[in-house]
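Fit chain B with the ligands to the known structure of chain A by using the hints.
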Amino acid sequence: MDKVIKMDNIYKNYKLGQVNVEALKGINLEVEKGEFISIMGPSGSGKSTLLNLIGCLDKPTKGLYELDGNRVEKLNDYQLSEIRNNFLGFVFQSFNLLSSLNAIKNVEIPLIYRGIRKKVRKELCKEALEVVGLGDRMHHLPNQLSGGQQQRVAIARAIVGKPAVILADEPTGALDSKTGNDIMDIFQKLNKENNMTIVQVTHEEDIAKIGNRIIRLIDGYIQ
Amino acid sequence: MKEYEGSKSSLVRLYFTAKMALNGLTSNLLRTFLTVLGILIGVASVVSLMGIGEGARRTVVEQFESLGKNVVIVKSNQPALNFEPEEYIELLDRVDGLEYATSIVNTETNIRWRRSRGEIEILGVNEQYPIIRDHELIDGNFFSSLHVKQRSPVAILGYNVAVSLLNGRSPVGQSMTIDGISYRIIGVLARKGNGKGEGIDNKVIIPYTSAMKIDGNRTVSEIWGKSDSPENAALSIVQLGRIYKRQLGIYDKDTDTGGEDGNEGGGEEPGIPIEEPIKEVGTAKPQPQSQNNPIFDNSDDLITVTSLNQLVKEADNANRVMTLLLGGIAAVSLLVGGLGIMNIMLVAVSERTSEIGVRRALGAKKYDLLIQFMLEALYVSIIGCIIGIAVGIYVINLFNRNGLDAVVSLQAVKISTVVALTSGLLFGVYPAYMASNLPPVEALNRK
Ligand SMILES: Nc1ncnc2c1ncn2[C@@H]1O[C@H](COP(=O)(O)OP(=O)(O)O)[C@@H](O)[C@H]1O
Ligand SMILES: [Mg+2]
Chain A
12 MDKVIKMDNI YKNYKLGQVN VEALKGINLE VEKGEFISIM GPSGSGKSTL LNLIGCLDKP
72 TKGLYELDGN RVEKLNDYQL SEIRNNFLGF VFQSFNLLSS LNAIKNVEIP LIYRGIRKKV
132 RKELCKEALE VVGLGDRMHH LPNQLSGGQQ QRVAIARAIV GKPAVILADE PTGALDSKTG
192 NDIMDIFQKL NKENNMTIVQ VTHEEDIAKI GNRIIRLIDG YIQ
Chain B
995 MKEYEGSKSS LVRLYFTAKM ALNGLTSNLL RTFLTVLGIL IGVASVVSLM GIGEGARRTV
1055 VEQFESLGKN VVIVKSNQPA LNFEPEEYIE LLDRVDGLEY ATSIVNTETN IRWRRSRGEI
1115 EILGVNEQYP IIRDHELIDG NFFSSLHVKQ RSPVAILGYN VAVSLLNGRS PVGQSMTIDG
1175 ISYRIIGVLA RKGNGKGEGI DNKVIIPYTS AMKIDGNRTV SEIWGKSDSP ENAALSIVQL
1235 GRIYKRQLGI YDKDTDTGGE DGNEGGGEEP GIPIEEPIKE VGTAKPQPQS QNNPIFDNSD
1295 DLITVTSLNQ LVKEADNANR VMTLLLGGIA AVSLLVGGLG IMNIMLVAVS ERTSEIGVRR
1355 ALGAKKYDLL IQFMLEALYV SIIGCIIGIA VGIYVINLFN RNGLDAVVSL QAVKISTVVA
1415 LTSGLLFGVY PAYMASNLPP VEALNRK
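For the protein sequence lines, the chains are A and B, in the order given. In terms of this note's numbering, the first sequence opens at residue 12 and continues consecutively. In terms of this note's numbering, the second sequence opens at residue 995 and continues consecutively.
Misleading hints may appear alongside valid ones.
Residues of chain A clear of chain B, computed beta-carbon distances all greater than 12 angstroms [what the hints assert, rightly or not]:
id, residue
1, S54
2, N107
3, E216
Straight line, CA to CA, 20 angstroms or less: simulated EDC-like cross-link-like pairs of lysine to aspartate or glutamate [to be verified]:
id, chain 1, residue 1, chain 2, residue 2
4, B, K1307, B, E1192
5, A, K189, A, E84
6, A, K70, B, E1081
7, A, K17, A, D79
8, B, K1360, A, E41
9, A, K200, A, E77
10, B, K1063, B, E1308
11, A, K44, A, D88
12, B, K1360, A, E46
13, A, K220, A, E41
14, A, K116, A, E138
15, A, K14, A, E46
16, B, K1063, B, D1090
17, B, K1360, A, D69
18, A, K26, B, E1436
The set of hints was computed from the structure by calculation and includes no laboratory data. Beta carbons are placed, not taken as given, at the ideal position from N, Cα and C, and that holds for glycine.
Chain A with its partners taken away, still in its complex shape:
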């Protein structure tokens, strides 16, 4: 099986004035294509830090990280942007939709930064919105949608460019449990039917169990 993510002895330190915070202390992690992984752990254990490193939004202080066969520490900002745009899809706890754009325009963004023309874009966006069950809300602004609906738009935005990996930091954290379960149904479908690799952070056991592997972080270590 293909290894999409390979981390070898990854460290991440934050300097807060004179204090050095070690957020990750030697992480070894391999994720294969098509896996659905849940990262769990108490608050402050480094879950978000790890996910941001995986997502190339930040660079490790030390260690080797290979994503899709690329040595990430050797890539420049331009190349990292390309990887994020083509290979990764992000879902955030607080949805992070652009408030001035309607649903379909939010979904379009990754395709625009990829330089895809309007006609193709519209097709892909419709398709993605239908996958998350929002085909009828395309022209609503974020503030005209419920939390669950906003998160669906965010998921549509994450999958519209057909990335290999979806990274989600507490995607159900801001939702009630029923809506959360709906979101998990979508994740499961994407994982099973589209063979998308999913790495999510959560602190809820039921949500974590939906994936096929749980990684427990405590104080910067994998347990």
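Chain B with the ligands in isolation, oriented as in the chain A frame:
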């Protein structure tokens, strides 16, 4: 790195980025309006202030031009150095660039018209005067060379004089008494306008030979000439300067060796021996101060040789400096407007930090954000510039309607456009750079 395929069109991105920049502006209209106002006021002041300066400049130029084009003036500043009445004929012969010339006699005397008496300014000239001053007649004819030669008692009336005497009816053929002698009125000059043509509208023009009888001098203190081009006017001044310097016994450094100066007199006729003075200058000895002035363009000089072209240029330059100064002051306010843009853009960047993070996560490159925020700043200056020019033009119209001469100068429009756009770019760069260089994770996490 692996290449990711996809129909890469940078135009798609640029179009989107341009639209997002516009979105940024419309998201807070009041703030955008205030920022635009800063630029707008700057541009409007540059356009209107420079318009006033330019208007003043044109007025001065028009005043000078009302005296005639390519006019050359030779003026004696000491009675002892005055010119022979027919000296202008010699000058026409000796100075290549000179096409026309006349002696000028300015005097004042009493006149009688029917029952009324009064004082009036008299201008004595020869028959070439209308050509020299580019002055037309609206009635009758100008006097002829024969009139001049015979000291005929003929008079031409300035426009205002004619109007005040007969209230619009033609005075041609009537006579008036000037200094006790009866003159026949044979023509009326066209109107030059207030402050133009040295007040010619209020004068009576007669042959200089007749005028000399009135003022009682045997010599004249002023000669006016005319060339057919600015180049020839300049040439005439050089030659006239040389002639009168030699006459006064003043020599340039390179010509004071006397005999071998034929090389610098290229324009002079070969038949005339140039080292020979045209005329002896009676008792007057040259004063030392003149020797430092190669061209006699100073009122301290014994004889002044100058051209209206020169005077126009000097006055014009002074006004141009004035105009630029006004523009410069206004441009400073434009820069202040630019600082306003920077201020607002920095606020915009910090307000939209998490948006910047989201865009970066979705694949925006640094320069996508750089361009987005630069464009946002540029839009403000473009809008401010366009409205500012419109307001400036409106203000200039207001000035004109209230009797202040102002014109829309292309230079002002150009300067304000360049300064506004440059300040938009300049002050937009820093905030845009800040936006594009935020680390993605930090941008995302900042609330
Ligand atoms: N930008 C940062 N600067 C300083 N310290 C940070 C930063 N981000 C995270 N940390 C610290 O790193 C540790 C892990 O944080 P995080 O990954 O957000 O934990 P989790 O997501 O598991 O709650 C915490 O101690 C946190 O305070
Ligand atoms: Mg977290």
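Which numbered hints does this structure break? Structure breaks hints 2, 5, 6, 8, 9, 11 and 12.
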